[in-house]
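Undergrad: Residues per chain are reported as follows:
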Amino acid sequence: MAVENGAPIIKVNNLHHNYLRGTPLEVVALKGVDMEIFPGEAVGIIGRAGAGKSTVVQHFNGLIRPREPGKVIVDGLDLSDPTVNIKELRQRVGLVFQYPEDQLFERLLGDDIAFGPRKMGVPFAELRPRVQWAMEMVGLDFETFKDRYTFSLSGGEKRKAAIAGVLALKPKVLILDESTSGVDPRSRKDLLGRIRCLHEEHGMTVIFVSPNMEDMAGLVNKIFVMADGRTVMSGSTREIFAQREQLLEYGLGVPQVTEVMHELKARGYSANLSVLSVEEAEAELWKILSS
Amino acid sequence: MSADPLIRVENVSFSYNAEGGNPIHALNNVTLQIQKGEYLVIVGHNGSGKSTLAKHLNALLTPTAGDVWVNGWNTKDKDHTLDVRKTVGMVFQIPDNQIVATIVEEDVAFGPENLGVPREILEQRVTDALAIVGLEDCRKRAPHMLSAGQKQRVAIAGIIAMEPACIVLDESTAFLDPVGRDGVLQAVRKLHQKGTTVVAITHFMHEAVEGERVAVMDHGQIVMQGTPREVFSHVAELQELQLDVPQVTALSNAMHRRLPDFPWDLITVDEVVSTVQRLDRRGSAPRWP
Numbered sequence: 001m002a003v004e005n006g007a008p009i010i011k012v013n014n015l016h017h018n019y020l021r022g023t024p025l026e027v028v029a030l031k032g033v034d035m036e037i038f039p040g041e042a043v044g045i046i047g048r049a050g051a052g053k054s055t056v057v058q059h060f061n062g063l064i065r066p067r068e069p070g071k072v073i074v075d076g077l078d079l080s081d082p083t084v085n086i087k088e089l090r091q092r093v094g095l096v097f098q099y100p101e102d103q104l105f106e107r108l109l110g111d112d113i114a115f116g117p118r119k120m121g122v123p124f125a126e127l128r129p130r131v132q133w134a135m136e137m138v139g140l141d142f143e144t145f146k147d148r149y150t151f152s153l154s155g156g157e158k159r160k161a162a163i164a165g166v167l168a169l170k171p172k173v174l175i176l177d178e179s180t181s182g183v184d185p186r187s188r189k190d191l192l193g194r195i196r197c198l199h200e201e202h203g204m205t206v207i208f209v210s211p212n213m214e215d216m217a218g219l220v221n222k223i224f225v226m227a228d229g230r231t232v233m234s235g236s237t238r239e240i241f242a243q244r245e246q247l248l249e250y251g252l253g254v255p256q257v258t259e260v261m262h263e264l265k266a267r268g269y270s271a272n273l274s275v276l277s278v279e280e281a282e283a284e285l286w287k288i289l290s291s
Numbered sequence: 001m002s003a004d005p006l007i008r009v010e011n012v013s014f015s016y017n018a019e020g021g022n023p024i025h026a027l028n029n030v031t032l033q034i035q036k037g038e039y040l041v042i043v044g045h046n047g048s049g050k051s052t053l054a055k056h057l058n059a060l061l062t063p064t065a066g067d068v069w070v071n072g073w074n075t076k077d078k079d080h081t082l083d084v085r086k087t088v089g090m091v092f093q094i095p096d097n098q099i100v101a102t103i104v105e106e107d108v109a110f111g112p113e114n115l116g117v118p119r120e121i122l123e124q125r126v127t128d129a130l131a132i133v134g135l136e137d138c139r140k141r142a143p144h145m146l147s148a149g150q151k152q153r154v155a156i157a158g159i160i161a162m163e164p165a166c167i168v169l170d171e172s173t174a175f176l177d178p179v180g181r182d183g184v185l186q187a188v189r190k191l192h193q194k195g196t197t198v199v200a201i202t203h204f205m206h207e208a209v210e211g212e213r214v215a216v217m218d219h220g221q222i223v224m225q226g227t228p229r230e231v232f233s234h235v236a237e238l239q240e241l242q243l244d245v246p247q248v249t250a251l252s253n254a255m256h257r258r259l260p261d262f263p264w265d266l267i268t269v270d271e272v273v274s275t276v277q278r279l280d281r282r283g284s285a286p287r288w289p
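Protein chains in written order, with the working numbering: chain R, 1 to 291; chain A, 1 to 289.
Simulated from the structure, these hints should not be mistaken for lab results. Every residue, glycine too, gets a C-beta built ideally from N, C-alpha and C. Heads up, a few of these hints could be off.
Computed, partial: chain A to chain R, Cβ under 10 Å [as the list claims (entries may be wrong)]:
1) S48
2) D77
3) K78
4) T81
5) L82
6) M145
7) Q150
8) E171
9) P246
10) Q247
11) L251
12) V276
If we strip away everything but chain R, and leave its shape as in the complex, we get (with noise of 0.2 Å):
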């Protein structure tokens, strides 16, 4: 199937699944899940522990299968077909996982992040260039980490490296599932800034699965809640944190200044619920206080 310019890369069409099914442990993890991502887009799936937000992201790269009657559609590949190329698929989609610096397995760093493309048949020229540019992008300066042990790393490190492993695919579509939790504030923000630049200025869409809503606020456009198994509400940014309360009875959150926000329009203020960084709140502020 060709795509069409302006179709959605990532298509999810009532996506159920159940784990251990047909098992007295049987848990029923999606109860109909539906999602339309677009090229280029950068994506934030939010939900309590247990809303099935990584069961749903395990099918974008075919780890787990839809089953009737759901559907899932990547980049054209249909992942109901049992034929389907899963090793394209999971080039074009690269999944980094919660704590991927358990991932790590070769001795040296460089092999480490060649592991990937070498598998996938990349030619031993083009090798080099891929890990090297990789390396760049999450911040790891190729001369002096490429030949490091890769147990010597800092856990920040670690986790630039893993994931710098999955870009040495040249995915078109990065999903981060929780990969910015557990690492300290400093790796943190430097992670969230490179992944922004990835989404930015090399057009990668991006899938952003975090608890921290404030980086959320500071990297997607679109949100996706998920509660229960289901895809609950979908919106722009703004959209979504605008709607403090129907996000508190899901168990979620909105950004600690949007909480300011929607507290002064509980006291009456015409306070702007769309407000999602420090900068914009000040801003704010200021127009309640001056006017």
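Got chain R sorted already, so can you dock chain A onto it with the hints?
TA: Just chain A now, with coordinates in the frame of chain R:
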């Protein structure tokens, strides 16, 4: 404060040899006292030594120099290692490394059972611990089928069930969603109210607001200490250490620069909102040129 702290960390240094390199000094002459019933938050970057310090609190590590005293026992004294570990329970960063059983209730029961808690009491302890972390419904589930956040709460329940005098949480909220995190923080608050000493290690500065005292670590030393408000008021230093400042504190700082009457050290949403109301009510006459 009582003159008899639960934990005394006295001039502790800890070094280890890196692979083929120079020794790494993870802790550098740290002195710290933790009072009974206190809620202490330790913040700092990876590599700042905060986890290393935490591991000294229940004798997982012993100092290269200096001493750690827990309830009067020196952690170097191997005869009392068990006593120390019964006193100080630890919840680690990654729950998977701490979960041993295949059923949630068995996992929670594992610790107290091995401490010889009789069966009748054990049941109640498991029930109470699961209630505190809000996982009553998951009692019969398999831990590996739970989400990361739920698993972390199982790990915490496993420690709570041992009823230690002090619980050390080593970045145990890193993976929780906002409500899950609130759930754990509430559980920790409940424990603290019941008299348990809490030491929480985190990079989330907004969690530091929970504590009664905050210690900031950098390069193996405690570089700042005080109430959350005292610590957060050092916005410039915190930013220099590249630690997160809560958004509302950053906002109150920015507003203070525009408007000197706006306090610069607010730490909660409610404080900011109340301040806006207070400043806005100062009459309707033009207040600023």
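Undergrad: Does each hint fit the structure? Answer for all of them.
TA: Quick rundown of the hints versus the structure:
1. S48: holds, 8 Å
2. D77: violated, 32 Å
3. K78: violated, 30 Å
4. T81: It is violated, given that the least Cβ distance between T81/A and chain R is near 28 Å, above 10 Å.
5. L82: violated, 30 Å
6. M145: Since chain R brings a Cβ to about 6 Å from M145/A, closer than 10 Å, the hint holds.
7. Q150: Holds: closest Cβ of chain R sits about 6 Å from Q150/A, inside 10 Å.
8. E171: With a minimum Cβ separation of about 7 Å from chain R (threshold 10 Å), the hint on E171/A holds.
9. P246: holds, 6 Å
10. Q247: Result: holds, 4 Å to nearest chain R Cβ.
11. L251: Status holds, d = 5 Å.
12. V276: With a minimum Cβ separation of about 6 Å from chain R (threshold 10 Å), the hint on V276/A holds.
In summary, the structure is inconsistent with hints 2, 3, 4, 5 from the numbered list given earlier, while agreeing with the others.
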